[in-house]
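Participant: Below, each chain spelled out in residue letters.
Number of protein chains: 2
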Amino acid sequence: MQLYSFWRSLATFRVRIALNLKGIVPDEVIDIDLMKGRQREDAFHAVNPQMLIPALVEDDGTILFQSLAIIEYLDELKPNPPLLPGDPRGRARVRALAQIVACDAHPLLVPRVREYLEHQYRLDEPQRMAWCRHWIAQALAALEAHLGHNETGHYCHGEAVTLADICLVSHVAGAKFFAVDLAPFPQVARIADACLALDAFARAHPLRQPGAPATV
Amino acid sequence: MQLYSFWRSLATFRVRIALNLKGIVPDEVIDIDLMKGRQREDAFHAVNPQMLIPALVEDDGTILFQSLAIIEYLDELKPNPPLLPGDPRGRARVRALAQIVACDAHPLLVPRVREYLEHQYRLDEPQRMAWCRHWIAQALAALEAHLGHNETGHYCHGEAVTLADICLVSHVAGAKFFAVDLAPFPQVARIADACLALDAFARAHPLRQPGAPATV
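Residue numbers (this note's numbering), protein chains in the order written: chain E, 68 to 283; chain A, 68 to 283.
Excised from the complex, chain E in its bound form (with noise of 0.2 Å):
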């Protein structure tokens, strides 16, 4: 199995915490520099012609694509630990809590956006970061809102993790990287130390990359 990676996408920071979690270690991680425009080169453009990372290939080529559905099919390849509840409402809640972060948040900061707004509207370096920021505490609200639900446990379903906190620890994640406060957004931040506390999270951390930075 070969992950295609970058260090600071947090798409790929995703599927790293879902595959520890798993105790599955891909064979190799190649670094898809997405700062020197990697993901559009030919090489890459094969492996996934919508040039966005994570991409896994599996042993017999087989190619998996967008992070929500390899980190499904993960957990369909290897139940257990589960990344899912049992029954179908709290997989319904857990999967929609995940979208709040990959559907409706994460695609509006990602650099081809940014890129968008710099070259086609013009917008400086301040704006693009105060875009950046809207969307990010958007979400952060969505996601506390919905977590104020008696559903919600030490974890954002009950007392397992589940995909509902990787995306969540994303998240929180490109907060810090954009400077978004979280003290506003009391039970995502409960949250996230909680999951960072563990080790499958803690190692997957962009920041602890082949290539990061030492801060961001």
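If you're looking for bench data, these hints aren't it; they were derived computationally from the structure. Ideal placement from N, C-alpha and C gives every residue a C-beta, glycine not left out. One or more hints might be untrue.
Stated by the list, open to error - Across the chosen pairs, the derived CB separations fall in these ranges:
#	chain 1	residue 1	chain 2	residue 2	range
1	E	H112	A	L144	35 to 41 Å
2	E	G220	A	E95	45 to 51 Å
3	E	A227	A	E125	21 to 27 Å
4	A	V177	E	K145	33 to 39 Å
5	E	G225	A	P93	24 to 30 Å
6	A	T282	E	G220	45 to 51 Å
7	E	F244	A	A281	34 to 40 Å
8	E	H112	A	E182	46 to 52 Å
9	A	P280	E	P146	45 to 51 Å
10	E	D127	A	P93	39 to 45 Å
Assemble chain A onto chain E, guided by the hints.
Facilitator: Below, chain A alone, put in the same frame as chain E:
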């Protein structure tokens, strides 16, 4: 079961298709007029604090949100006809195709983003339309590239309708709203036509809902 809906919402269009395919008829469809900002009023805030539609309320009061999570819930509740393939790799491919639309493209087009571009950065109507068309075309290109795969059949994945087709059709409806030319994306256009020939898709279409104009 109650569905919170609005004719123009592409995410709600997806849920309507799934309900039709499953033969589930909600007891009530409650209109939330996004053009008038009704999603931000207290009555709906209590249903979904994220203030987004669709939301589906079960008879016991359980509230489901996020279109992909709702559709997978409906698929688990009533497994026939299935909206995901039977094998993990097929499911991963279908979910990933769906996420090209629901994660990478649609969140960039929604009213709150267009309003933010208008009010925060003073982008005028043609600039905002160009923004929407750009991201719609990017996702059409990504879908088209991935549909070159040998598992593509009459529909996105083989000969049965899946979650990927539901998302593809919602994206094509968005492309038509924003007058994006489908000619460079023949596989996408072919599959959208094949789906819209089915009654479950056709009668879920935005332009066939109460309050919709005759054309866009």
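Participant: A separate judgement is required for each hint: does it hold in the structure or not?
Facilitator: Against the structure, the hints come out as follows:
no.: 1; hint: H112(E) with L144(A): 35 to 41 Å; in the structure: holds, 39 Å
no.: 2; hint: G220(E) with E95(A): 45 to 51 Å; in the structure: violated, 32 Å
no.: 3; hint: A227(E) with E125(A): 21 to 27 Å; in the structure: holds, 23 Å
no.: 4; hint: V177(A) with K145(E): 33 to 39 Å; in the structure: holds, 35 Å
no.: 5; hint: G225(E) with P93(A): 24 to 30 Å; in the structure: holds, 29 Å
no.: 6; hint: T282(A) with G220(E): 45 to 51 Å; in the structure: holds, 50 Å
no.: 7; hint: F244(E) with A281(A): 34 to 40 Å; in the structure: violated, 47 Å
no.: 8; hint: H112(E) with E182(A): 46 to 52 Å; in the structure: violated, 35 Å
no.: 9; hint: P280(A) with P146(E): 45 to 51 Å; in the structure: holds, 48 Å
no.: 10; hint: D127(E) with P93(A): 39 to 45 Å; in the structure: holds, 42 Å
Of the hints listed earlier, those the structure fails to meet are numbers 2, 7, 8, in rising order.
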